[in-house]
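Chemist: From first to last, the protein sequence lines are chains A and B.
For what it's worth, UniProt numbering labels the leading residue of the first sequence as 1, then goes sequentially.
For what it's worth, UniProt numbering labels the leading residue of the second sequence as 1, then goes sequentially.
There is no bait here: all hints are sound.
Derived DSSO-like pairs: lysine-lysine, alpha-carbon spacing no greater than 30 angstroms straight-line:
no., chain 1, residue 1, chain 2, residue 2
1, A, K371, B, K413
2, A, K439, B, K371
3, A, K138, B, K70
4, A, K149, A, K238
5, B, K70, A, K149
6, B, K63, A, K138
7, A, K312, B, K421
8, A, K113, B, K52
9, A, K414, B, K312
10, A, K113, B, K113
11, B, K438, A, K371
12, B, K95, A, K107
13, B, K149, A, K113
14, A, K398, B, K80
15, B, K138, A, K63
16, A, K442, B, K298
17, A, K149, B, K107
18, A, K421, B, K80
19, B, K432, A, K149
20, A, K438, B, K80
21, B, K421, A, K291
22, B, K80, A, K52
23, A, K432, B, K138
24, A, K138, B, K439
25, B, K113, A, K149
26, A, K52, B, K107
27, B, K312, A, K432
28, B, K442, A, K298
29, A, K80, B, K63
30, A, K95, B, K95
31, B, K95, A, K55
32, A, K138, B, K398
33, B, K138, A, K52
34, A, K52, B, K113
35, B, K95, A, K52
36, B, K149, A, K107
37, A, K421, B, K298
38, B, K371, A, K63
39, B, K52, A, K107
40, A, K439, B, K138
The hints are simulated quantities; they were obtained by calculation from the structure and are not laboratory data.
2 protein chains.
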Amino acid sequence: MAEEAAVAQAEAVRRLKHDKADPDEIAKEVAKLLEMKAQLGGDEGKHKFVLKTPKGTRDYSPKQMAIREKVFNAIISCFKRHGAEVIDTPVFELKETLTGKYGEDSKLIYDLKDQGGELLSLRYDLTVPFARYLAMNKITNIKRYHIAKVYRRDNPAMTRGRYREFYQCDFDIAGQFDPMIPDAECLKIAHEILSDLQLGDFLIKVNDRRILDGMFAVCGVPDSKFRTICSSVDKLDKVPWEEVRSEMVEEKGLSPEAADHIGEYVQLHGGLELIEQLLQDPKLSQNKLAKEGLGDMKLLFEYLTLFGITGKISFDLSLARGLDYYTGVIFEAVLLQQENDHVEEPVSVGSVAGGGRYDGLVGMFDPKGRKVPCVGISIGIERIFSILEQRVEASEEKIRTTETQVLVASAQKKLLEERLKLIAELWDAGIKAEVLYKKNPKLLNQLQYCEDTGIPLVAIVGEQELKDGVVKLRVVATREEVNVRRENLVEEIRMRTSP
Amino acid sequence: MAEEAAVAQAEAVRRLKHDKADPDEIAKEVAKLLEMKAQLGGDEGKHKFVLKTPKGTRDYSPKQMAIREKVFNAIISCFKRHGAEVIDTPVFELKETLTGKYGEDSKLIYDLKDQGGELLSLRYDLTVPFARYLAMNKITNIKRYHIAKVYRRDNPAMTRGRYREFYQCDFDIAGQFDPMIPDAECLKIAHEILSDLQLGDFLIKVNDRRILDGMFAVCGVPDSKFRTICSSVDKLDKVPWEEVRSEMVEEKGLSPEAADHIGEYVQLHGGLELIEQLLQDPKLSQNKLAKEGLGDMKLLFEYLTLFGITGKISFDLSLARGLDYYTGVIFEAVLLQQENDHVEEPVSVGSVAGGGRYDGLVGMFDPKGRKVPCVGISIGIERIFSILEQRVEASEEKIRTTETQVLVASAQKKLLEERLKLIAELWDAGIKAEVLYKKNPKLLNQLQYCEDTGIPLVAIVGEQELKDGVVKLRVVATREEVNVRRENLVEEIRMRTSP
Chain A
1 MAEEAAVAQA EAVRRLKHDK ADPDEIAKEV AKLLEMKAQL GGDEGKHKFV LKTPKGTRDY
61 SPKQMAIREK VFNAIISCFK RHGAEVIDTP VFELKETLTG KYGEDSKLIY DLKDQGGELL
121 SLRYDLTVPF ARYLAMNKIT NIKRYHIAKV YRRDNPAMTR GRYREFYQCD FDIAGQFDPM
181 IPDAECLKIA HEILSDLQLG DFLIKVNDRR ILDGMFAVCG VPDSKFRTIC SSVDKLDKVP
241 WEEVRSEMVE EKGLSPEAAD HIGEYVQLHG GLELIEQLLQ DPKLSQNKLA KEGLGDMKLL
301 FEYLTLFGIT GKISFDLSLA RGLDYYTGVI FEAVLLQQEN DHVEEPVSVG SVAGGGRYDG
361 LVGMFDPKGR KVPCVGISIG IERIFSILEQ RVEASEEKIR TTETQVLVAS AQKKLLEERL
421 KLIAELWDAG IKAEVLYKKN PKLLNQLQYC EDTGIPLVAI VGEQELKDGV VKLRVVATRE
481 EVNVRRENLV EEIRMRTSP
Chain B
1 MAEEAAVAQA EAVRRLKHDK ADPDEIAKEV AKLLEMKAQL GGDEGKHKFV LKTPKGTRDY
61 SPKQMAIREK VFNAIISCFK RHGAEVIDTP VFELKETLTG KYGEDSKLIY DLKDQGGELL
121 SLRYDLTVPF ARYLAMNKIT NIKRYHIAKV YRRDNPAMTR GRYREFYQCD FDIAGQFDPM
181 IPDAECLKIA HEILSDLQLG DFLIKVNDRR ILDGMFAVCG VPDSKFRTIC SSVDKLDKVP
241 WEEVRSEMVE EKGLSPEAAD HIGEYVQLHG GLELIEQLLQ DPKLSQNKLA KEGLGDMKLL
301 FEYLTLFGIT GKISFDLSLA RGLDYYTGVI FEAVLLQQEN DHVEEPVSVG SVAGGGRYDG
361 LVGMFDPKGR KVPCVGISIG IERIFSILEQ RVEASEEKIR TTETQVLVAS AQKKLLEERL
421 KLIAELWDAG IKAEVLYKKN PKLLNQLQYC EDTGIPLVAI VGEQELKDGV VKLRVVATRE
481 EVNVRRENLV EEIRMRTSP
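Modelling step: build the complete structure from the supplied sequences, incorporating the hints.
Modeler: Right under this line is the structure:
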């Protein structure tokens with residue numbers, strides 16, 4: 001590095017002397033030198049930097065990846081079962097693409113440094129990039145999934161699966177359709193995935209932004225405070241009502257009467273009977289928004305009944321969802337603590353999926369404001385993954401991290417060339433095979449390697465086998481050994497390792 | 001947004017009045033207000049922002065994703081065939097983790113904005129994060145693959161598949177092993193993948209940093225200029241020798257004699273016979289590094305002969321590779337232009353894979369400098385993807401972007417409920433099924449949807465079928481229709497759509 005700096009400096013000086021450089025170039029050279037100097041300082045000065053991943057992030061080991069892939073496969077299967085296409089978008093967006101979409105959460109967006117050129121931010125979710133994608137490509141009709149990492153400068157709680165870099169698995173339906181059919185499918189999907197993954201009991205809470213807004217109106221919340229009061233309600237799954245009430249009244253200036261009125265509504269949760277009851281509520285039934293929302297909620301429950309999943313669905317007036325862009329149905333799936341004698345009602349241990357309808361978001365990107373109605377569900381994989389990882393740890397279940405079918409081994413020395421020749425034959429035939437990278441490995445070490453990594457078969461070459469045109473095939477589990485003619489080896493391995 | 005700003009401002013003023021806030025908090029409030037003001041300006045001021053992805057990046061449409069997944073599957077199959085585990089690391093690293101690893105390319109690293117906390121950069125490749133992972137977890141022995149996006153603030157040339165955000169598919173072998181066995185496997189992998197993908201003719205160039213350094217020494221390049229002269233040689237695949245020579249002499253201050261001497265060597269390329277010839281070269285054979293490198297190169301070619309792949313391998317003294325961290329064998333795979341009568345020798349159209357040995361990188365992260373020898377190969381998916389995409393476009397081949405097996409349809413009105421009941425049955429049985437999100441869709445529209453998206457079967461419910469306990473199953477391609485008893489429907493669909 002010192003050398004490089006010296007060379008660059010010499011070059012800069014030379015250019016300045018010969019007066020070849022223009023002022024821009026000089027500025028660039030100076031910046032380059034300063035950066036090199038900074039690097040030198042970092043490299044040669046302390047020499048003890050911290051060996052870690054950034055705060056709120058982690059590596060995935062092969063074992064963790066094996067669990068992660070299982071979860072992804074379950075989720076992707078479900079998305080494909082529902083006929084979804086898949087798209088991908090860049091990890092960063094123009095900063096202005098994300099501006100004004102997330103309300104109070106905007107402060108959690110990661111910005112990139114201004115290094116000249118466009119101002120960029122890491123994506124905060126997959127929904128806003130999806131809306132940008134639809135508007136940009138003038139797509140008015142699509143059912144797609146997208147699985148990718150998103151970034152939030154939040155306070156990490158990694159043991160509980162809350163990270164700054166984490167995966168979202170999103171399924172969304174965009175297009176103008178008859179009411180509540182796509183919305184019901186999103187809930188069916190959440191139900192299928194959570195059932196498939198066998199995470200224990202769960203509950204999917206459902207509400208509607210129109211019902212919330214109608215409720216705020218009849219409780220006497222001024223229009224201008226709808227969104228901020230909605231943010232307060234959103235905290236009800238984490239803090240008790242008293243605290244939320246005090247935030248509303250003392251911090252946000254809501255009248256105590258309005259707050260108390262809200263307090264009565266947000267206690268309510270139930271099913272079709274609650275919807276019917278609220279449709280009769282003398283105040284709510286007079287509010288246009290609330291009436292619309294309740295009507296659609298009733299239709300939704302009818303469809304969910306046809307899908308046979310109402311048992312795990314709860315219409316819950318305290319569900320608010322943090323993000324600004326929702327316009328209709330909203331939902332959130334929580335895992336319930338295993339019931340036991342001490343707990344009367346199952347307690348929720350955290351949200352694992354959420355979503356809702358956002359009919360206005362695409363229009364925010366369209367130059368003419370053309371709307372594309374959308375509804376979607378996002379599966380939060382990290383918490384699910386934490387649970388499964390802990391379960392595997394506890395069970396001491398052995399998880400294979402490779403799929404190798406056979407180890408090519410030798411019992412005698414000087415057979416590296418023969419091992420390499422044989423393994424190339426196997427690879428070319430599509431067999432998953434490994435060889436130890438040693439000239440003369442001991443047979444015992446080769447067998448031990450199979451034990452450690454779960455390789456089921458060993459193909460052993462030796463002087464005698466080579467003469468006879470055979471390979472000795474050993475089954476690791478049973479120690480059984482058979483001589484297989486070389487031309488039949490591939491087929492024999494396939495047969496013995498087919499699931 | 002105006003509302004939010006007003007609320008936040010009121011809150012800030014209130015806190016200041018009541019003297020509850022400490023100076024830090026005040027600073028935060030001010031920052032928050034300024035940001036809100038900026039957002040307001042952006043939102044309500046111009047209202048016409050640019051609808052695009054950041055420079056050098058792109059979205060993947062469902063069709064592009066279908067091609068991309070095919071390529072990934074081929075690559076992952078190969079990596080698994082060679083017994084690799086898989087890991088994942090965060091998209092950003094501590095800035096200092098990347099510092100001093102990339103030589104002249106460091107200027108292309110994306111930094112994140114300093115928003116308080118750690119200084120972060122987007123990963124530039126997967127090799128440095130891998131080395132950091134090994135050192136951090138004290139792993140001395142692993143064979144892993146990693147497929148993920150990396151970031152370079154390079155000048156994009158997107159039509160030729162050069163992006164600022166792009167995938168790398170890396171396979172690396174870490175550990176102390178007998179020489180050149182893992183190195184040979186990396187080349188075998190490149191050969192298998194490029195053959196599998198049927199991209200046309202290709203060539204894998206091989207060289208060794210020790211041979212290059214030995215060559216520089218015997219040509220009279222001062223030690224201090226090895227790396228910068230190496231960078232110049234690296235440009236030989238893009239610019240002619242005359243230009244590289246002038247960079248060496250005029251910009252980097254190398255003597256013309258030394259440059260000319262290098263010029264003679266870098267023309268050389270061939271196979272085993274060239275290695276033998278250079279081992280006899282009066283100057284090179286006297287240089288310890290060059291001799292070591294040539295000896296290993298000979299061994300490598302012996303192993304490649306056993307693998308049967310020397311036909312596509314060329315020992316090429318002009319191959320240098322840009323990155324600082326290589327210490328031994330280096331390689332790069334290029335696609336060759338289809339031969340025709342006008343071109344005497346096939347011309348390379350671009351690098352699609354590269355890699356080499358980097359024995360010192362892990363030691364740079366270990367507090368005690370403990371080394372873990374590594375060798376790896378990185379497949380550059382974007383260029384491969386560009387080629388395949390163009391091929392699909394040209395062939396007008398129809399690519400399905402979903403896997404839906406059956407559309408649940410109805411011929412008459414008022415059967416939405418029956419359609420939803422049936423599709424839930426199919427989903428729950430694992431059948432991939434769709435339904436149009438309309439209360440009363442026309443049968444023609446439903447059949448057209450199948451034609452458009454390639455769905456092979458239609459399950460039609462009607463009054464009569466419901467009475468008879470059957471479903472009418474229609475094969476889209478042949479228009480054949482059969483009545484299937486409802487309890488046999490799942491099995492019938494499976495049978496008719498199994499590959």
